[in-house]
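Chains as they are written, first to last, in our numbering: chain Y, 49 to 365; chain Z, 116 to 682; chain C, 216 to 514.
To be clear, the hints were calculated from the coordinates, so they are not data collected in a lab.
Do not take every clue at face value.
Just a few of them, taken from the derived set where beta-carbon distance is under 10 Å, the chain Y residues facing chain Z [as the list claims (entries may be wrong)]:
{"#": "1", "residue": "D255"}
{"#": "2", "residue": "E259"}
{"#": "3", "residue": "Y261"}
{"#": "4", "residue": "V271"}
{"#": "5", "residue": "R278"}
{"#": "6", "residue": "R282"}
{"#": "7", "residue": "S326"}
{"#": "8", "residue": "P358"}
Cβ coordinates follow ideal geometry from the N, Cα and C atoms, glycine included.
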Amino acid sequence: MTRYVAGRLLQAVVVVLIVTVIVFALLHSLPGGPARAILGIDATPAQMADFNHQQGFDQPLVVQYLQYLGRLLHGDLGRSFALNQDVSAVVTQRLPKTLLLTGVSTLVAMAVAVPLGVWQAVRRNRAGDYVVTALTFLAYSTPAFFLAFLAILLFSQAIPLFPAQAPQADTLAGILAEPAALVLPVATGAVTAIASFSRYMRSSTLDNLAEDYVRTARAKGTVERRVIWRHVGRNSLTPVITMLGYHIPVLFGGALVTESIFNYPGMGLAFWNAAQVSDYPVLLGVVLVIATATVIGSLLADLLQALIDPRVRGAHR
Amino acid sequence: MTEAAADSAADSAPVLTVRDLRISFPGGESRVDAVRGVDLELRRGEVLALVGESGSGKSVTALAAMGLLPPDAQVAGRLLVGDRDVTRLGPAELRDMRGREIGMVFQEPTTALNPVLTVGDQIGEALTNHENLTAAQVRERTLELLEAVGIPEPAERMRAYPHQLSGGLCQRVVIAMAVACNPAVIIADEPTTALDVTVQAQIMRLLRELRDSRGTAILLITHNMGVVADLADRVAVMRDGVVVEVGTAEQVLTDPQHEYTTALLAAVPRLGSGSRAAATDEPAADRPPTVLHLQDVRVEYRTLGRPAVRAVDDVTLAVRRGEVVGLVGESGSGKSTIGRCALGLVPATAGHVTLLGVDQRRLRGSRGRRVRRGVGVVLQNPASALDPRMTVGDSIAEPMVIHRVGSRAERQQRVRRLLDDVRLPAAAADRYPHEMSGGQRQRVGLARALSLGPDLVIADEPTSALDVSVQETVLRLLTELQAVHGFGCLFISHDLAVVESVAHRVVVLLGGRIVEEGATQDVLHRPREDYTRLLISSVPVPDPVQQAARRAAADAVLRESARALAG
Amino acid sequence: MTAVAQPPPVPEVPATVPAPRAASVLRRLVRHRLAAAGLVVVGLLVVFSFLGPLVHPADQSVTNLQEASLPPGSAGHLLGTDGVGHDVLGRLMIGGRTSLIIGIATGLLATVIGTVYGAVSGYFGGRVDAVMMRVVDAGIAIPALFLLLTAAAIIRPSVTSMVLILGFVSWLVPARLVRAEALSLRTRDYVAAVRAVGGSGTRIILRHIVPNTVGTITVNATFQVADAILLIAYVSFLGLGVPPPATDWGGMLSDGVTNIYSGAWWLIFPPGLAIVLVVCAFNLIGDGLRDAFEIRRSR
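Using the sequences plus the hints, can you model the full thing?
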């Protein structure tokens with residue numbers, strides 16, 4: 049198990065390094081290069097040349113990359129010229145809020161999707177399965193922003209149940225203090241995820257129901273409910289957890305949309321605002337942080353899977 | 116097996132009664148009848164073997180007795196477990212019956228167990244399904260069961276997961292679950308088919324012990340006549356959903372009445388029925404050239420951060436043109452790795468592989484490609500031996516395309532010739548593998564191997580997935596073609612009887628090392644090594660009297676080697 | 216995994232990709248009722264977007280403020296007009312054209328890149344595979360939407376640049392799927408048989424591995440189109456899509472949002488429903504194809 053964790057950690061570090069290379073490449077593909085990114089769009093060519101020389105941006109790319117990496121290790125993500133703030137400060141302020149929103153959405157989604165998928169698999173090709181399948185297809189095909197509008201129109205305008213704007217508090221506690229305002233953003237994020245995960249869970253359960261061990265469990269007189277939940281459920285969950293790992297980038301992408309619609313003060317909103325004014329340091333910093341969060345997320349998903357499935361532990365011991 | 120057991124069984128009421136059982140499944144336009152009126156009776160302490168080839172309906176009958184058929188199956192007739200009719204029970208009653216009155220053992224022990232639950236949990240569940248027990252009682256009973264099925268270190272194994280156990284141990288666990296609540300009947304569906312012969316012998320011994328100690332009746336589903344001879348009191352032979360013959364094991368196996376039974380028995384390769392080796396055993400003074408030579412070959416599999424696994428250890432062997440060398444061994448013996456290594460699919464860690472006179476390490480690039488023209492391959496699994504998206508004709512022609520042999524028309528003509536050689540119609544060239552039976556596909560594989568007129572053919576378990584009658588045809592074809600074309604052949608198999616019927620020489624492997632080698636007759640009839648002797652005596656022969664003697668001999672070998680180990 | 220010796224690839228006779236059961240797959244697809252409905256919807260939307268402008272004026276170069284914000288049913292404007300006087304129905308047509316072209320082109324591009332990359336990685340396995348897959352992991356770790364917005368902030372988007380960027384974001388998933396299949400296909404006996412008689416790596420990948428992943432590839436390509444249409448809608452919605460006067464359905468929706476409280480529902484629902492409809496249709500086709508190819512069930 050230790051060896052498995054160590055190997056997996058090493059893999060994650062390599063992936064993060066490749067991500068930094070990609071972000072570094074993006075930085076250098078900016079018109080005007082990093083000088084433009086730091087001095088802003090109004091800088092003159094002379095200013096930029098001067099700056100490039102000062103900062104060592106006329107040195108070989110490899111050297112520059114290593115310097116860039118060194119700055120990253122010191123937590124220096126650059127400085128936003130639009131917000132006049134260090135990017136690292138923007139991140140520390142906003143990342144927890146985004147994690148809260150995506151975390152709660154994902155938990156809600158899993159809590160609904162897992163039982164729903166199993167229920168569909170057990171009732172395969174019956175009316176209930178068809179209805180849920182149709183709904184999941186519809187939910188999956190609806191862009192989150194359109195869904196958000198419908199939710200606002202319905203539950204905020206027509207029937208004023210929840211506010212149309214997310215909590216605006218600065219702290220996590222402040223955000224949690226307004227649960228009603230969280231309902232629509234969380235629900236919007238959850239619906240799309242439910243659509244995907246229930247499909248995975250359904251097909252994974254169907255696959256497992258056809259396995260030999262299910263027949264063995266039935267042959268010894270196990271109650272069907274126990275066959276489904278104790279035997280099939282746990283086995284079916286492992287591929288879904290792997291999918292959850294792969295799905296994290298999609299979840300963050302969803303958060304970007306949800307945050308911008310409900311004006312939720314997270315990373316996504318900061319990113320969107322930065323995109324409008326070409327605030328490159330924020331854009332690249334957030335990309336790096338989100339990618340790292342994704343890598344950590346899929347690492348956790350894999351470790352969780354190793355906990356559930358003894359074969360994963362054994363195979364890498 | 117014993118007369119006494121059979122006599123006393125006859126008095127008691129049957130524990131399993133099948134009356135005019137009919138089962139059909141939806142299939143296309145109409146329903147397919149899998150079982151068409153079967154009558155059977157099984158009494159306490161009796162072993163009834165249900166034999167037949169694939170599609171005979173034997174497994175469907177077994178599943179019906181457990182009430183485990185898929186919901187779209189239609190069942191008619193009566194199926195009594197004790198005095199309850201399974202076909203009329205509701206889900207709750209069925210559940211109550213399964214495990215308590217009737218247990219089941221399956222073919223694939225490794226997939227029959229849930230991978231994420233411990234062995235102890237799974238056996239414990241078989242108990243708690245039917246009895247109210249405290250955790251301590253469950254633990255105690257589970258330990259008893261593990262001991263009863265002969266699992267060493269039961270307290271430790273209880274906490275193990277299935278993937279940590281060998282196939283044989285997994286099968287013992289499955290058997291422990293089947294007998295957990297002491298049911299009157301166990302259905303064993305091909306319980307030893309997925310196991311090595313020596314393990315098969317152990318599992319058969321265990322089933323016999325359980326029958327004797329607990330009086331459990333066993334319905335044994337199998338295609339292996341040797342297993343039948345070893346274990347069964349009575350035999351029912353099934354074909355196309357009907358029982359064609361029933362009788363005592365001795366009578367059916369030694370004096371079959373129905374022509375199908377006779378044909379079936381005739382197709383079974385029998386160990387000790389003489390080999391083809393004699394004539395060509397001593398080659399003439401000008402010996403034919405060596406087509407494959409392995410010198411001190413070692414193959415290791417390395418995984419990052421783990422000690423290397425040595426699959427093949429200092430193996431030296433040679434195959435000459437015109438001879439068939441049988442490579443036998445159980446799973447993990449390295450026999451398939453040797454085959455793959457000879458083909459260059461797996462690199463040798465040490466030693467030399469010489470293929471058609473050229474060192475393997477020089478076989479890269481276009482020169483190696485030319486050498487490989489002289490090699491043909493037939494592989495085990497008929498389902499994956501042919502590319503499903505290529506026509507049979509394209510598959511056979513592919514080696515010619517790779518080596519740019521002939522024009523398109525010439526290749527087509529050659530494909531027709533080859534199809535004719537393997538007794539397939541020319542029209543088969545346009546068909547896809549999924550439209551053919553397993554035996555036909557293996558014949559196509561043979562045709563592909565012969566496509567370039569090879570000097571060496573490597574055949575890895577070419578018939579192990581086939582029914583005996585089909586196996587016989589394919590083997591006969593292989594030996595005929597070998598005699599005509601005179602290629603050298605490395606024939607890899609776990610089946611000693613099959614090897615005996617095709618090989619001139621035999622090499623016995625154990626744990627990646629050669630244990631014994633020599634002329635087929637010598638090795639298989641006068642083995643020098645204990646392991647070879649054990650291997651040979653573990654193979655059950657389809658004759659109850661002979662088999663009883665062989666079993667005694669095998670026990671003796673085991674005792675002897677145990678003594679040798681102790682001393 | 217041990218590193219397995221490979222003969223160096225040698226150019227072969229050009230490999231065709233045989234799809235012997237294409238006809239039967241198509242037959243099964245049409246019989247699959249939901250998938251057939253999806254095909255019909257996609258067909259209708261293609262006709263609407265590409266042939267519609269021949270019947271209904273869809274010229275978007277002129278703004279006409281006198282005819283701005285007309286409700287549906289106004290003379291000559293079946294679906295009304297938007298805030299600058301563009302006819303909504305006509306705009307829906309040219310918007311659909313953008314969405315469909317970008318979606319389908321992206322799906323194809325991503326599938327081609329992903330299939331080749333995945334097949335190579337899976338076939339060689341071992342270290343080659345480990346390196347190639349870490350690159351994919353890194354690509355996947357950056358959420359597509361974030362990368363797209365960054366890219367859109369760097370270069371002014373056009374249809375071509377959108378397709379290229381989306382394609383470079385979307386090939387990762389098919390690459391991973393094909394790689395997983397290639398890993399299992401390369402252990403099949405028929406691959407061993409071809410290698411044993413001296414078949415080259417190129418031949419095995421092109422003639423044996425890729426054709427046998429055709430089911431997975433086709434199904435995934437369909438889903439890719441659906442996802443690409445969604446992604447482009449997101450980007451446009453966030454204000455960084457193709458610049459006006461060109462538009463796509465996401466962009467129309469974005470423009471309509473400003474009117475959400477003024478009751479101009481006809482600016483929101485037509486493009487919104489159009490997106491749902493086309494994405495749903497492609498997903499249904501993909502699901503039907505999965506059944507038709509019997510992926511998973513044919514194990």
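Now for the hints, and whether the structure bears them out:
no.: 1; hint: D255; verdict: 13 Å, violated
no.: 2; hint: E259; verdict: 7 Å, holds
no.: 3; hint: Y261; verdict: 4 Å, holds
no.: 4; hint: V271; verdict: 6 Å, holds
no.: 5; hint: R278; verdict: 8 Å, holds
no.: 6; hint: R282; verdict: 5 Å, holds
no.: 7; hint: S326; verdict: 45 Å, violated
no.: 8; hint: P358; verdict: 4 Å, holds
The structure shown violates the earlier hints numbered 1, 7.
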